[in-house]
Amino acid sequence: MDKLTYRDTRDYVAIDVDKGIDHRTGQLVHADAVAPEGYAVLPKCKHCKHYQQDEGTVGKCMADEQEFIAYGDMAAITCRDYTQV
Amino acid sequence: MAKTFKDTLKDAGISMDLESGGHAPDYLVEREIKKEPHERIKYLKEIYMDALSSINNEFPYWYTREYLKHDNEMPVVRRAMALKAGFSHLTPAIFPRELLTVRKGPFFRGSFPMPWLTESFFVTQGDALYQESVKRGSASAGEHSKFGAGGGNVTESFGNVVSVAGKFGVRQEEVPVMVKLAHMWKDKSVEDISNTYEQMVPGYDIKEKIMRSVICMFDSGFTLPQGREVINYYYPLQYGFDSILRIAQEKMDEVAGNADGDGMVGMNRLYNYHAVKLVIEGVQTWIENYALEAQRLSSVTQDKTQSKEYDEMADRLFYIAHYQPRTFIEALQLTEIIHIAVVNEDAISGMSVGRLGQVLYPWFEQDIAAGRITEDLVIELLEQDRVMKTSIDPFASTGVVGGVLSGNSFNTLSVGGVNSNGDSAVNRLEYLILQAAARNAMPQSTIALHYDEKLPEDFLMLAMDVIKTGAGYPAFMNNDIAEQFMFKQYGAEGMTVAESRAWSIGGCLETQPGCWKTLTLNGKQYEIPGGACQPTSVGIHFVAMPKVLELTLFNGVDQRTKEQVYPAHNREFLAYDDVWDQFKQYWQLTCRVLERCNNLQHDIWRKNNMAIFNSMLKPDCLDSGHLINELGYRYNATYNVESCGTANFVNSMAALKKHVFDDHSYTLAEIKLAIQDNFGFKTAHEINSFSLADQQKRDAGETTYDQMHFDLLQAPKYGNDDPYVDQILKTWEDWFCSDCHNYKSLYGLPMYACQISVSTHGAQGSATMATPDGRLSGTTYADASMSAYPGTDRNGPFALMSSATVWDHSNSQNSQLNIKIHPSAIKGTEGSRKLLELIRAYMRKGGFHVQFNVVDTKILRDAQANPGNYRDLMVRVAGFTQYWVEIGKSVQDELIARTEYEGF
Numbered sequence: 001m002d003k004l005t006y007r008d009t010r011d012y013v014a015i016d017v018d019k020g021i022d023h024r025t026g027q028l029v030h031a032d033a034v035a036p037e038g039y040a041v042l043p044k045c046k047h048c049k050h051y052q053q054d055e056g057t058v059g060k061c062m063a064d065e066q067e068f069i070a071y072g073d074m075a076a077i078t079c080r081d082y083t084q085v
Numbered sequence: 001m002a003k004t005f006k007d008t009l010k011d012a013g014i015s016m017d018l019e020s021g022g023h024a025p026d027y028l029v030e031r032e033i034k035k036e037p038h039e040r041i042k043y044l045k046e047i048y049m050d051a052l053s054s055i056n057n058e059f060p061y062w063y064t065r066e067y068l069k070h071d072n073e074m075p076v077v078r079r080a081m082a083l084k085a086g087f088s089h090l091t092p093a094i095f096p097r098e099l100l101t102v103r104k105g106p107f108f109r110g111s112f113p114m115p116w117l118t119e120s121f122f123v124t125q126g127d128a129l130y131q132e133s134v135k136r137g138s139a140s141a142g143e144h145s146k147f148g149a150g151g152g153n154v155t156e157s158f159g160n161v162v163s164v165a166g167k168f169g170v171r172q173e174e175v176p177v178m179v180k181l182a183h184m185w186k187d188k189s190v191e192d193i194s195n196t197y198e199q200m201v202p203g204y205d206i207k208e209k210i211m212r213s214v215i216c217m218f219d220s221g222f223t224l225p226q227g228r229e230v231i232n233y234y235y236p237l238q239y240g241f242d243s244i245l246r247i248a249q250e251k252m253d254e255v256a257g258n259a260d261g262d263g264m265v266g267m268n269r270l271y272n273y274h275a276v277k278l279v280i281e282g283v284q285t286w287i288e289n290y291a292l293e294a295q296r297l298s299s300v301t302q303d304k305t306q307s308k309e310y311d312e313m314a315d316r317l318f319y320i321a322h323y324q325p326r327t328f329i330e331a332l333q334l335t336e337i338i339h340i341a342v343v344n345e346d347a348i349s350g351m352s353v354g355r356l357g358q359v360l361y362p363w364f365e366q367d368i369a370a371g372r373i374t375e376d377l378v379i380e381l382l383e384q385d386r387v388m389k390t391s392i393d394p395f396a397s398t399g400v401v402g403g404v405l406s407g408n409s410f411n412t413l414s415v416g417g418v419n420s421n422g423d424s425a426v427n428r429l430e431y432l433i434l435q436a437a438a439r440n441a442m443p444q445s446t447i448a449l450h451y452d453e454k455l456p457e458d459f460l461m462l463a464m465d466v467i468k469t470g471a472g473y474p475a476f477m478n479n480d481i482a483e484q485f486m487f488k489q490y491g492a493e494g495m496t497v498a499e500s501r502a503w504s505i506g507g508c509l510e511t512q513p514g515c516w517k518t519l520t521l522n523g524k525q526y527e528i529p530g531g532a533c534q535p536t537s538v539g540i541h542f543v544a545m546p547k548v549l550e551l552t553l554f555n556g557v558d559q560r561t562k563e564q565v566y567p568a569h570n571r572e573f574l575a576y577d578d579v580w581d582q583f584k585q586y587w588q589l590t591c592r593v594l595e596r597c598n599n600l601q602h603d604i605w606r607k608n609n610m611a612i613f614n615s616m617l618k619p620d621c622l623d624s625g626h627l628i629n630e631l632g633y634r635y636n637a638t639y640n641v642e643s644c645g646t647a648n649f650v651n652s653m654a655a656l657k658k659h660v661f662d663d664h665s666y667t668l669a670e671i672k673l674a675i676q677d678n679f680g681f682k683t684a685h686e687i688n689s690f691s692l693a694d695q696q697k698r699d700a701g702e703t704t705y706d707q708m709h710f711d712l713l714q715a716p717k718y719g720n721d722d723p724y725v726d727q728i729l730k731t732w733e734d735w736f737c738s739d740c741h742n743y744k745s746l747y748g749l750p751m752y753a754c755q756i757s758v759s760t761h762g763a764q765g766s767a768t769m770a771t772p773d774g775r776l777s778g779t780t781y782a783d784a785s786m787s788a789y790p791g792t793d794r795n796g797p798f799a800l801m802s803s804a805t806v807w808d809h810s811n812s813q814n815s816q817l818n819i820k821i822h823p824s825a826i827k828g829t830e831g832s833r834k835l836l837e838l839i840r841a842y843m844r845k846g847g848f849h850v851q852f853n854v855v856d857t858k859i860l861r862d863a864q865a866n867p868g869n870y871r872d873l874m875v876r877v878a879g880f881t882q883y884w885v886e887i888g889k890s891v892q893d894e895l896i897a898r899t900e901y902e903g904f
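So the protein sequences, as listed, match chains V and H. Position 39, counted from 1, in the first sequence is what my numbering calls 39; the numbers after and before it change by one each time, with no gaps. Position 223, counted from 1, in the second sequence is what my numbering calls 223; the numbers after and before it change by one each time, with no gaps.
Just chain V, same shape as in the assembly (with noise of 0.2 angstroms):
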């Protein structure tokens, strides 16, 4: 698996877009840096087997009946339907 980003991490919580803080370390950290290894994968529709991507950066979900646009970035840890590829 390519290594995460802290962003892609259950162990990071975000500050702003630009940055956040490590749990395991409670250090400051950029939100695009590596995380080291062993870190949480962040569910997010990226990972679920109910997203298809598009082009770019959009997709859709196909969770519902009726899909819906989607991206692969967004948090789903509060999705109900989420299900880890």
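The hints are simulated quantities; they were obtained by calculation from the structure and are not laboratory data. Treat each hint with caution, since some may be false.
[Unchecked claim] Footprint (simulated), chain H over chain V, 3 or more residues, beta carbon under 8 angstroms:
{"#": "1", "stretch": "12-25"}
{"#": "2", "stretch": "54-61"}
[Stated by the list, open to error] Every beta carbon over 12 angstroms from chain H, so not counted as near; a handful from chain V, in silico:
{"#": "3", "residue": "D2"}
{"#": "4", "residue": "K3"}
{"#": "5", "residue": "L28"}
{"#": "6", "residue": "A35"}
{"#": "7", "residue": "E37"}
{"#": "8", "residue": "P43"}
{"#": "9", "residue": "K49"}
{"#": "10", "residue": "T78"}
{"#": "11", "residue": "T83"}
Note that this is a predicted model, so its numbers are computed, not measured. Just so you know, even glycine gets a beta-carbon here, dropped at the ideal spot from N, CA and C.
Fit chain H to the known structure of chain V by using the hints.
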């Protein structure tokens, strides 16, 4: 070097850096009182200080997705379903060491757009934002390390972050969908539907011209449709959410299919209660998601103390998601949740906390008595409350968030006042609120002290200490005047003497009606106040008096844009009263067309975007089954007419009266030519500086208008206890306060006067030509409504206060007086007593509001030159406190220019 405006003023005996009552020391004088927050709060505050205003799609995505599914539903239920989906899907963001949690979005300082209200920015900027997001994807690592300037404002794109409107940052990955979501609301948003119907208003073309000329600052219906009101925490604090759900279900059973004699909206109660239930369920899920996250963090955290704190947090959240809080910390946590739920439901600035110390007193009293909490821990919690409230960022258009609000959210907290019997309402918890505000000085919650002669002296002296920290709060508001206003405006809706005493400040200093409710905790009953009215961020907003005068003098033509805004009057002003008469005609035309267009905007809002959660909180919606849109609130006559630029207008009328009509020194035609020529100066736009001091002569040798300019600047000025000019203020106020009642809201209720400037004196000054008082084109107006123009109040603060009180302040929702004092002028206990006596003098004269900037102007100048050294410097602007670095330059310049009192 070109002669500056500052030099010209100096020649006229007006010093822009006026020191009144002595001279400040040559060296920098720090504020006398400095306090530190608890270590835990310092940590959280440091996070805030480094946090950028951030937005993402989460809430709007789920709201839109759910809304579009349910086109078969009643509008109120459809909106409730969308809100439920929005709340249920918010990602929890819990930070180490915090004891209180829950925030607007998944960031420390998060927010999100609401395209169902207004989507035009994203639709029109969509391509540009998309291109920027693509570009951001390939940005260099060097750029990545750059954080935005201007405090938390993301003024430029960097790294993978795209700047939205120079204020918010959004991840480039989010932009394409953000734009697509906006397009889904095109022609469906409140803004777009309003626009369709507004065009049916006779005179709509004039309204558009008024907006273009910046005579009016903004439309209220789709920018900030709620706010500048006081929240009511009573129902969740008394019953807990599960009991409210039960009450709503019982009510549904009672009203289903039953109009109860109300053939118009009686049947709607069923849908309304159903909607309330849905939104509460969404809010409960949101709270439980936070509880689950706290539980998860506890399980992965190595630090045992931190792990225990997460466990305790989870326990509190699971409990208050359903039941009445058991402890002070649970009650405070629940108020945080309710507050953020309301500001997530709608675009709101100025959802004020109200008299929180009186609301939470039952838990405080019982916890202290039982030894469950210490005063020190209460202060620590109240300090964190300040971090949380300051982190709330409203999302609205650039003009509103930047031009009007300076990024402020106005979660004002009121202390003091009286109880329903008329006795002092101050309690021990309010002392701690003031102490926490001094220890953790942050813009929110700014504090309004309801001054009454019955308040304890030591409480007032503590307030003086807080003022001396330089935080800009507490501001003082006159309890008697507010109660009188309550009766005048809300008597027709049943206001009683006892209930008039429940008022609080909403927004900067908007007087709001409240009510008393009986809260029972462990068998003991308490009377607690809370908000009971509709927003006052609504109506006819910020009409620029100097700009209307400009168009009066120039036959209805905007001299900046050269557009014929008003119908030409073709009058020759032979007498001073002729100018007044025409000014009033244009003023009334402005108010009338704005009244009708804004009423339509709010009507569209109430039919498609009504408040559901906020309505549930406000008496008496839960009892009656009617929400805000069906006059469910106890008090509904809250729409107002806001003015801006009072001092410059009054001074201009005084200058015209003296030099044109009394002394005949100049003809009106000569003065108009001078105005068009900007008295020989370049315009502020030409030199790209709106600073009063920086304005430059076009040609140093050009002296055509120098003598006239000198004479106009020397004309009587407001703020010196001079009847010649003060009588003009009184004439205006008497007429204006009465005229406002002629305009009616969409609810058919009369409007009233509101006299605050917020930050509009910068933006509207920028759009106004030179004025007859000698002010130059594009420069900032005097702030507030009772403040003097910088440097013109030469007779000290008592004279200024005499001028300000020539009219009856209880005829208006408010008035606003800001005073800048050098720290050395109020040093020590003696200085505190002098300051308190100054405030008392103003209150006894009938002044409504006064607040103080305690700061050495030299520090402000240094901060303007070296903003990086002053990230945490706070100043009082006009009814609110803000970080210096987050204020636009025009208002910074005005703050520097204000008269500094060295003694009195």
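These are the hints, each one checked on the structure:
| no. | hint | in the structure |
| --- | --- | --- |
| 1 | 12-25 | holds (count 10) |
| 2 | 54-61 | holds (count 3) |
| 3 | D2 | holds (16 angstroms) |
| 4 | K3 | holds (16 angstroms) |
| 5 | L28 | violated (8 angstroms) |
| 6 | A35 | holds (14 angstroms) |
| 7 | E37 | holds (16 angstroms) |
| 8 | P43 | violated (10 angstroms) |
| 9 | K49 | holds (18 angstroms) |
| 10 | T78 | violated (5 angstroms) |
| 11 | T83 | holds (16 angstroms) |
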